[in-house]
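Trainee: Fit chain G to the given chain H structure using the hints.
So you can see what is in the structure, the chains are spelled out below.
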Amino acid sequence: MVKFIIRRLGFMLLTMFIVSIAIFAISEIAPGNIARNILGPFATPEQEASFLAQLGLDQPLHIRYITWLVGSDWRAERLIGMPLRRIKKPDTEFYEWWAVEPDGTLVRWKLDGEDLIALRLQPDGTVQESLDNERWQTDEAGISTFWGVDTHNRAVMWEKGGGQTYWMRAKAAGWWVEQPGGAREYIPLQKGLLRGDPGESVKTGRPVGDALLRRLQNSILLAAIAFVIVMPLALVLGLLAGLNEGKALDRILSVGGLATTATPNFATGIFLILIFAVWLKWLPGATVFASERAAFENPKMLILPVMTLTLIELGYVLRITRASMVEVMNASYIRTAFLKGLPYWRIVFKHAIRNALMAPITVIMLHVNWLMGGIVVVEAIFGFPGLGRYLLDAALYKDVFAIEAGAMVMVMLAVGTQLVADIIYTFLNPRIRYA
Amino acid sequence: MERKQHKWIPELQEQLRQGKMSRREFLRYATLLGMSLTAAEALAACAPKATPTSPPATPTATSVPPTPTPAGPQRGGTLRIRGNVGRIDHPARYSWVANSNTTRHVAEYLTLTDENNITRPYLLERWEASDDLKTWTLYLRKGIKWNNGDDFVADDVVFTMKDWLDPDVGSSILGLMSYLQPTNIEKVDDYTVRLHLDSPQIAVPEHLFHYPAQIMNHRTFEGDFIKAPVGTGPFTLEEYSEGERVVLKRRADYWQMGADGQPLPYLDEIIYVDLGGEASAHIAAIQTGEVDVISEPDTEHFLALKDDPNLQVVGTPTAMTRVLRMRVDKEPWTDNRVRMALKLCQDHEKILKLAHFGEGLPGADFHVAPIHPEYCERAVPKYDPERAKALLAEAGYSEGLTVECAVCSDWADVVAYAEILKEDAAPAGFNIVLNTMPTSAYWDIWTECDLGITPWTHRPLGTMVLTLAYICDDEGKPVPWNETRWCDEEFTNLLKEAEGTLDVEERRKIMCKLEEIQYERGSVGIPYWRNVWSIAHKKVQDFKGHPTQYDLFNEVWLKA
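These protein sequence lines map, in sequence, to chains H and G.
Residue numbers for the first sequence follow the numbering used here, beginning at 1 and rising by one.
Residue numbers for the second sequence follow the numbering used here, beginning at 1 and rising by one.
Because the hints were derived from the structure by calculation, they are not lab data.
Hints are all accurate, no fakes.
Computed Cβ-Cβ distance ranges for the label pairs, DEER-style:
id, chain 1, residue 1, chain 2, residue 2, range
1, G, Ser-130, H, Pro-90, 43 to 49 Å
2, G, Lys-539, H, Leu-221, 28 to 34 Å
3, H, Ile-220, G, Ala-228, 29 to 35 Å
4, H, Asp-210, G, Asp-444, 30 to 36 Å
5, G, Glu-349, H, Asp-210, 51 to 57 Å
6, G, Gly-76, H, Lys-89, 37 to 43 Å
7, G, Lys-249, H, Arg-75, 42 to 48 Å
8, H, Thr-263, G, Thr-436, 30 to 36 Å
9, G, Asp-444, H, Arg-85, 40 to 46 Å
10, H, Glu-114, G, Met-257, 50 to 56 Å
11, H, Ile-117, G, Ser-178, 23 to 29 Å
12, H, Thr-44, G, Ser-130, 31 to 37 Å
Cβ atoms here follow ideal geometry from the backbone N, Cα and C, with glycine treated the same way.
Here chain H stands alone, though its shape is the one from the complex (with noise of 0.2 Å):
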């Protein structure tokens, strides 16, 4: 069992690289182009240009995909001489790249005109501005160089009066200007996901992990809930069903599972909202986070969200409890059960449901990683922020760290089910060991 579950956990990280590989491959050839995103339509192909280099984006796409995986600071710290250093900036979720000079003091710098001014970090976390033009390399051709770290996260090369023009990063109405003192070359830096930091999200600046915590909070709150309801109440009717095979109750019960499922979900979110929000007015029509604990706090408007996730549910899972009961009914060990005189309910308890529940086990547990994530469309219906709507809009907007994260949370979710899944057999039917 053990080996099994390392064994599991393998195929679950082998299964992460070749998503992530997948996904950074995917949202290249996708249509769209995160400088537009960002910039707006009104961007020059220059302007387009700048951008994607100051972000590291101009790299090829493996150069992209060891960066998110094992970081650029290494990369960096060989073309600058110097270890690098990811300090935390007090009181803040920001972090900053600072260069360690041999004594120990952190150490960055920035280009004014054709000077060279170093910023060093004082232990009282004030910062001391010097001229540091010994830095400079000069080659044959007579060009200075120096490759440092910027005051924006970045190990980058300037060029002594060669005062390459760039774009400001500011969108906004078509307002744009050229700035000389752009630096030659960019690498953005970051520690990469083994690491421990997924990067920054493009759309947002920020660190992509805060944001997708929250998210993941939301969506664990609402998908439990559902579980909760679904599962057991999509069990039993299941059973029930099945073990009505052609009565009316299994009539009724299947074709109104197949009614509910059949409906697609954003048809069924609306009726709800209309019926119960709308006309009745008995229950909030949006879930409204108006603070941070506001599920909580007002757990009434889980209610519609929920709501809609069971009518979805609820038949699919039905059915196929129904089917598989159907199947074991007929099967020849209950018979003989039945021949050898055994009480009912003894034969249901006893040798029909176990080998009943195999099948929507599984179905359960993959839906388990639906319902985190995939819920994108009720999720926007509501307006509830989740863990679908942050991929989806990731997504739209091409932030490649944003979905890769996302995405390597999901696949974890997804190994993760299955795998408590196949426990479960083992517990259903003791004949299933895994080696």
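Mentor: Only chain G this time, still in chain H's reference frame:
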């Protein structure tokens, strides 16, 4: 007095007469609207007398007082708003109006352009421009406190302006105010700042209300407003969670007074909630009272909510439009007769009615809107396929003419406009083939296609958009956004003259000529000017719209 008055002058005069406005305020506004001081004084004298009840420097006088309600504004309550809570750090770097809306009630601007498109002093007490429009003196209002207790002084203004113009900050204002160098911002004394411009500019007050121009406290601000949310505004920032919510709490010592003589605001709390991009969620939320206001509503919201008896849907006319643009360097649009023929095929009223639900004002084929202060009134051209046909024949297309029009299918009103035009232009002999494409594709070709329909946003002055899109530089090359390549020397020169004219009435005279030229030989059809909407629950009182969809809730209150 023989000059034509600005259309708001009579209203101001009426307010003065009713005692809603002090004489001093009246004079200030009247002069802002381009009236000479002596004329304004004469008009003020026509009103019975200035109200003695208005104490000097009463801050409420900065805005037209709300229509008196029997009970007067009530205090208290939380206003919940559906908004977009995006990433922010340095206000000067804001790139969406939504960014500024969430912090607009914490940090404030030097000026205010109101819903009637009139710009007035706000944190400023007044301003003065030199005759050559190159020196602007800004006089700060005294006695304003930051929400941390500091005094609001000239250092704050100089500090903030230097940030706007600092390339490291990367503000869009840097481009907008390219006429100003950081070294030319002069602090005269603690309450006076003087700007020495490189070139004459009339729109300085409007630019000071550009949405990233929120004034920061020079003692506390370090580049991220969320870390040190110190502002002069009526609310303090309690929480800012991207993609989720913003919580603002009332402060007790705000500098503007309410109708009851106590400091504004009337509300205790404002909460912006981000409900994602799906309109149905916003609609359900406001219909069931989960939110009170929809910030920046769209056509979808308007259509779903316009008939809801519990809501107020306020339409505000803007200078936002859809421009039928013809490349004058491409056949057949090189011939002005063909351009005029196509323009004559527009039934402006019908297009407005069908494409934008009649919500707006009809255009008249020149790019100056009726709401612009210097607008010169001209009749809306009639739909005239007969004349269009004759013009086409004259130009050598008596057999008819097939043209292709680039249309972005994501903008419903553009599609509707294109379809109506296609039908209505057929009798004149035009066969318009609509080439539809998604938004990104259209923005790739918007300056390149021969015939297309381009959205243009609202700008507070008529001269601003004309300079962007309809002139050529000294070498005769079209400016970057001149999508039609239309160069007209007389037009360019007149426009320069208009830009150097501070007096609105004088500017209007030039504008009459500019409009005439653009209508007679220009390169664009302007079908209509779009309204934007503001949507709130009926209990939200003194709720107004704004052409740029700025949220202005200082004086909004909730009826219990």
